[in-house]
Amino acid sequence: MISNLAVGVGLRQPHYAEVFERRPALGFLEVHSENFFLDGGASMRVLERARAAYPISLHGVGLSLGSADALAEQHLAKLRRLVERIEPDLVSEHLSWGGVGGRHFNDLLPLPSTRDVLDLMSARIDRVQDVLKRPILVENVSAYVAYRDSEMSEFALLAELVRRTGCRLLLDLNNLYVNAVNFGTDPLAALNELAPAMIGEIHLAGHADTDAGLIDTHGTRVCAEVWSLYDAACRRLGAHPTLIEWDTDLPALDVLLDEAGIAASVAARREVAHA
Amino acid sequence: MPDLLACEHDIAGALCDARESARALRWLAGDAVLNERRLAIYRANAAAATTKALGAAYPVIEQVLGPSAFAILAREYQRMAPSTSGDLNELGAALADVVAAHEMGRSLPYLADLARLEWAAHRAYGAADAAPFDARAIAQLPAHRQAAIRFVWAAGTALVVSEFPIVRIWRIHQAGFDGEFSVDWSTGEVALVAREGLRVAVHAVDRGDAAFIAASLAGEPVGAAAERALAIDAAFDLGRLLTGLIASNTICGYTSEQEP
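Here the protein sequences line up with chains P and U, keeping their order. Read in order, the letters of the first sequence correspond to residues 1 to 275 in our numbering. Read in order, the letters of the second sequence correspond to residues 1 to 260 in our numbering.
Same shape as in the complex, but just chain P (with noise of 0.2 angstroms):
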């Protein structure tokens, strides 16, 4: 069980030996799921001394819920069974598609906000969490795109969601912040309608800010604007274990250290204030 304080890290191929030597004081590891979906070999050993030393969540990127095709079976028994045979404390996939027509793009595309998607969704996520048989988090993305059929807010559809499912809501509140810059949206008002029970897991990263947009790079540290997001979400939906996410320019693991001792003295103060 990972305590709503826990703060943990991506574990990344560059940071194993050093995690294992050095067992640095983490509320949990998250790995990507797809990168274990392999019989066994040394990435496996890898995943299962961690999970022996940590709790573990296992973040999914290439399930595709929300693809029009019919949903990806083979990918889902993949996941069945590392969730079987690590049985990490989280599992998590996000509210977005990858690819249709049998084509994929390895992208976490956004979706249309609509009642059609609500529905595919919300059958979607029963189904993977029959298999799997434990409930979920599902996470907002980052969008450069929005679309004119939308016809509701994302975070409406994310709780309701939550609501016909019984699962949770994983907070990335760098893809909040990018996407309210991108579109000229409040990022306050998306923490108005959620309530702290839906809320299973939080993220932060980085961003790239580039001339044709906020892109959602996880290359950097946590910019201040997200902090300030975190502090409020903190406040008003109480800590959450919250997650430092940096998958590209990895640095060294010092730096994630760094910004994950940010985060707990955050989500710790605001904790109190909470309660």
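Calculated directly from the structure, the hints in this document are not laboratory data. Zero decoy hints are in this set.
Straight-line alpha carbon distances no greater than 20 angstroms define the calculated EDC-like cross-link-like pairs of lysine to aspartate or glutamate that follow:
(1) U/K52 with P/D249
(2) U/K52 with P/D247
(3) U/K52 with U/E76
(4) P/K133 with P/E84
(5) P/K133 with P/E87
(6) P/K133 with P/E73
Use these hints to put chain U onto chain P, whose structure you have.
Just chain U, lined up with the frame of chain P:
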């Protein structure tokens, strides 16, 4: 869900080909010029995902070509054999064929075989761990039954045959290689790719050994496989070969049909 299907199809079309953007734009809110630039972010993401996944499976090809030529090859791969799975471990099976059909493969003729070797190593990396094998029971069998046994090979074990010295090329590109960088281009090599514990090992094997391994991997009994090897190389030494393959756990079991 006809609308979502049409919407995703149109966006997918625009991600595959920028000239198809107009169909995607009709689904999007906001400024069309900006949306076109934003679709390009997704197009770049898909390209980067393919390059990264191929680089993970083909680190030596990436070193040989350098990052910019490798990125060009990755674009060609995306065009010829686009990703069909959310599991990127699966991406790259067709690289040898894509290389062979491309100008790069014609100017570097060993590249396609090197790709086959790296794909075999990639598959072996994540293959199931082999159970420990105590081979002493084989010695207890009468001679005629020994010849009839079939070996069980560790998952991921593969042979790659080439007219180029692919094992040597692979070896000098490994991290920490500190020997001579010379390559004798006059000889071909057969690579045995196999997991040894958690490590992926690549060994050059001679033609007799290769004939035995290929036959045994294909399920032939030991006696028949050894005869194939002897037909190619009269000096084939089965005992020496088996000692090594059993010690490395590459051979990790056997099956023997019961006598009636």
